[in-house]
Amino acid sequence: MKALACLTVIGALLLAAPASAQIHERIYPAPTAPLDLAGLPTGAVIDTVRTADGLTLKGLEIAPRDGKPTLLMFHGNGSSAATSMRWLAPLLTEGYGLVAAEYREYSGNPGRASEAGLAADADAFFARARAVSGGGKLIVVGHSLGGGVAFGLARRQKLDALVTIGTFTDLRTMAPAAARWMISDRYDNAGAIVTLDEPCYLVHGTADQVVPYAHGQALRAAGSKARKDGALFTVGGAGHGPDGAVLAMILRAVAAKTQGGGVMKVQLPPGVQLTPFGS
73 MKALACLTVI
83 GALLLAAPAS
93 AQIHERIYPA
103 PTAPLDLAGL
113 PTGAVIDTVR
123 TADGLTLKGL
133 EIAPRDGKPT
143 LLMFHGNGSS
153 AATSMRWLAP
163 LLTEGYGLVA
173 AEYREYSGNP
183 GRASEAGLAA
193 DADAFFARAR
203 AVSGGGKLIV
213 VGHSLGGGVA
223 FGLARRQKLD
233 ALVTIGTFTD
243 LRTMAPAAAR
253 WMISDRYDNA
263 GAIVTLDEPC
273 YLVHGTADQV
283 VPYAHGQALR
293 AAGSKARKDG
303 ALFTVGGAGH
313 GPDGAVLAMI
323 LRAVAAKTQG
333 GGVMKVQLPP
343 GVQLTPFGS
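According to this note's numbering, the residues represented by the sequence shown are 73 to 351, in order.
Treat each hint with caution, since some may be false.
Result set (DSS-like, lysine-lysine): computed pairs, CA atoms no more than 27 angstroms apart in a straight line [stated by the list, open to error]:
#1 Lys130 <-> Lys140
#2 Lys209 <-> Lys230
#3 Lys209 <-> Lys140
#4 Lys209 <-> Lys300
#5 Lys130 <-> Lys209
#6 Lys230 <-> Lys297
#7 Lys300 <-> Lys140
#8 Lys140 <-> Lys230
#9 Lys300 <-> Lys230
#10 Lys230 <-> Lys130
If you're looking for bench data, these hints aren't it; they were derived computationally from the structure.
It should be emphasised that the depicted structure is a prediction, and the values quoted were computed from it without experimental measurement.
Modelling step: build the complete structure from the supplied sequences, incorporating the hints.
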């Protein structure tokens with residue numbers, strides 16, 4: 073029995089290195105093409121930030137106009153800063169500012185992606201977004217894996233508001249049980265939401281086939297149990313990435329709340345249901 077157990081451990085160790093590489097590629101399938109401004113909204117520029125561990129990263133930004141809030145966007149694992157900017161284009165034409173963060177290893181940036189690495193990237197882009205906002209409201213938005221990056225940022229920094237879209241409770245819950253022990257990055261969003269001081273708004277489509285809607289419900293339940301300020305926007309029939317026009321209406325509602333209005337008083341798109349935490 074001892075010999076069999078030893079062989080099992082040896083076999084697991086031999087398989088761990090190639091399996092770890094495959095897992096990394098699944099979690100961080102980083103696009104390699106460098107960022108450029110082709111097809112992006114007028115006013116977009118490539119920005120540069122320096123992380124605490126010494127990496128120089130390029131992202132994208134547009135300055136706000138007419139007192140509008142600035143959005144700091146963290147994209148999903150297979151996306152890019154350019155995709156973030158295109159997705160939020162309806163708001164950018166209205167004068168909203170945007171800092172579209174780009175991670176290490178993504179879009180020609182140096183480094184290797186990891187939870188700790190993306191946390192350092194988030195801190196650097198947060199500082200840049202604060203500067204771009206000019207003292208105005210700053211709303212942090214994270215999609216999918218980017219929601220985990222955003223939750224982590226909220227644990228370290230004070231935000232005006234946090235919005236996550238199609239975000240999971242914990243990264244390991246997204247993997248088969250047999251593979252979870254090999255995943256070193258966790259992104260414990262269910263644990264993060266109970267620590268927040270800022271309003272948190274969850275956006276989740278009922279037809280999300282990547283991160284099932286149940287994850288959004290579970291995060292709302294955790295926020296409600298901890299008596300946090302926030303709400304779940306349920307987007308009926310939407311998949312993992314709601315339509316940009318729908319998302320824009322939701323973000324306008326959040327922006328109105330951060331500027332002293334009421335999120336309940338802003339018209340929402342048909343099929344979108346707002347359920348406050350604790351209700």
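Item to complete: Identify every previously stated hint that the structure contradicts and give their numbers, smallest first.
Response: When the structure is compared with the hints, none of them turns out to be violated.
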